[in-house]
Amino acid sequence: MADEIIEIGEDVEVDIVLDESGMPIGAIVDDLIVATGAGGTVIDETIDVLDADGNLVLEDEIVSVFDADGNLLAVEETVTTID
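If you count the sequence shown from 1, you need to add 1204 to reach the working numbering.
A hint or two may mislead.
Beta-carbon label-pair distances, calculated as ranges [said to hold, decoys possible]: (1) Val1279 to Pro1228: 30 to 38 Å; (2) Ser1225 to Asp1271: 47 to 55 Å; (3) Ser1225 to Ile1247: 32 to 40 Å; (4) Asp1255 to Ile1209: 35 to 43 Å.
It is worth saying that the hints were derived from the structure and are not from the lab.
Here a beta-carbon is modelled for each residue, glycine too, at the ideal position from N, C-alpha and C.
Construct the entire structure; sequences and hints are all you get.
Have a look at this one:
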């Protein structure tokens, strides 16, 4: 187990949301983390929705687990709204 190599990669995308006059009213941040080893892959994607002040309004996290053959073993989604 100590000699198993695990590769981890991350990709973050930020999109600014504008109103009809072109003023920023929020942002959407999509953070994707992928960890792959001989036993399979774990994918963790978190999408955050922010208001114009940068406050977190909503978070959607999806974690997917695949075996070494690429078969989906489990998926869990958690959606959290911030009041």
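Results for each hint:
no.	hint	result
1	Val1279 to Pro1228: 30 to 38 Å	33 Å, holds
2	Ser1225 to Asp1271: 47 to 55 Å	50 Å, holds
3	Ser1225 to Ile1247: 32 to 40 Å	38 Å, holds
4	Asp1255 to Ile1209: 35 to 43 Å	41 Å, holds
When each numbered hint is compared with the structure, no violation occurs for any of them.
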